[in-house]
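Please model the complete structure; the sequences and the hints are all you need to start from.
So the protein lines, in turn, are chains A and B.
The letter at position 223 of the first sequence is residue 225 when you use this note's numbering, and the numbering goes up by one with no holes.
The letter at position 34 of the second sequence is residue 54 when you use this note's numbering, and the numbering goes up by one with no holes.
Simulated from the structure, these hints should not be mistaken for lab results.
A quick note: this is a predicted structure, and the numbers were derived from the prediction, not measured.
Even glycine gets a Cβ: it sits at the ideal position worked out from N, Cα and C.
Certain hints may be false.
Some chain B residues near chain A, calculated using beta-carbon distances under 7 Å [what the hints assert, rightly or not]:
1) Ala60
2) Leu69
3) Ala81
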Amino acid sequence: MREEHLEEMHSTTYSEDYWHGLKLAVPVILGYLPIAISFGVLAVQTGLSFFHALLMSMTVYAGASQFMALNMLAIGTVGLEIILATFILNVRHFVMSISLFSNLQHIPKRWQAILAQGITDESFALASLKQKELGTHPSAAIYLGIFSGAFGMWVIGTGIGALIGNVVPDALSDSMGIALYALFIGLLVPAIRAYRKIGLIAAGSAGLCWIFSLYLSEGWAIVLATVFGSLIGVWMLEEDKE
Amino acid sequence: MTLTLIIIAMALVTYLPRVLPVFIMDHLQFPGWVNKWLKAIPYAALGALIVPGIFTVEPGAPVVGVIGGLVAAVIAYFRGHIMIVIIAAIAAAFIIQRF
Chain A
3 MREEHLEEMH STTYSEDYWH GLKLAVPVIL GYLPIAISFG VLAVQTGLSF
53 FHALLMSMTV YAGASQFMAL NMLAIGTVGL EIILATFILN VRHFVMSISL
103 FSNLQHIPKR WQAILAQGIT DESFALASLK QKELGTHPSA AIYLGIFSGA
153 FGMWVIGTGI GALIGNVVPD ALSDSMGIAL YALFIGLLVP AIRAYRKIGL
203 IAAGSAGLCW IFSLYLSEGW AIVLATVFGS LIGVWMLEED KE
Chain B
21 MTLTLIIIAM ALVTYLPRVL PVFIMDHLQF PGWVNKWLKA IPYAALGALI
71 VPGIFTVEPG APVVGVIGGL VAAVIAYFRG HIMIVIIAAI AAAFIIQRF
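Written out as structure tokens, the structure reads:
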């Protein structure tokens, strides 16, 4: 009887799992829309074509470094520096990827390799925050739902922004750079509200990042602050807690 | 270097750190403290991404980012929808720049 019951619990189909993942991702999907539009608007105003704006969102798919690339292109930086800065800024995904896939070893490698492209700060934060809800052996389909939903909205929003970019007044587009940070705050604050010690981890690494940024480039400061700031969690978090 | 090539190179160096762990951590088993470390990473990353970057949202006017961020934090604290959080922050930054 008990085994039958367990079987039943795991009998969700892949398409049910996919929709479940998509539903879980709604906060990030909706949160991405204004940010992606902001990116599209700023990209066109920086001088990128519709094609290049869309290509960047589809292939690079990393909000912070895309905004940074626009900044660098705007001040006339050459290609290699942009590529190096992008790499340094996104090395943090290496650590997130280790964290994510340490729980997903039951998923075939080729699916993991596809899912890996979906790792962003926001989708990763969401996927880790929902870990309890996803169970011990979540299917690849549920993550595909989370990641493809966020990715799809990122690309669609970029397209919308790039289309309207030339008619958005400067005064408004100047204010759109805050969108990315508002999303970060919108993900972090509810987590702190639920478990206050998370606030110490975030504040600690924010402080470290500020100190590092006085001596290092922005990308390196973020990488080092993330690695060392998260060590605070070793003392702060309890074993059974998320 | 054309912009297309720059973007493709950016895509490669972004995908590499994302996908590498898939192939290198086959038989890795982490002790408890490492698991706690990994669990703390998303929060640490969010903290590091917000500060000091938010001060440079509007170059030369850190107050724009700070007030926009505070508006976002207050709305998020009172369980405002994430889209409201973002649009309110953009609106706040827009209004401050008018003064």
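Item to check | Hint numbers contradicted by this structure | outcome: Of the numbered hints, just 3 does not hold.
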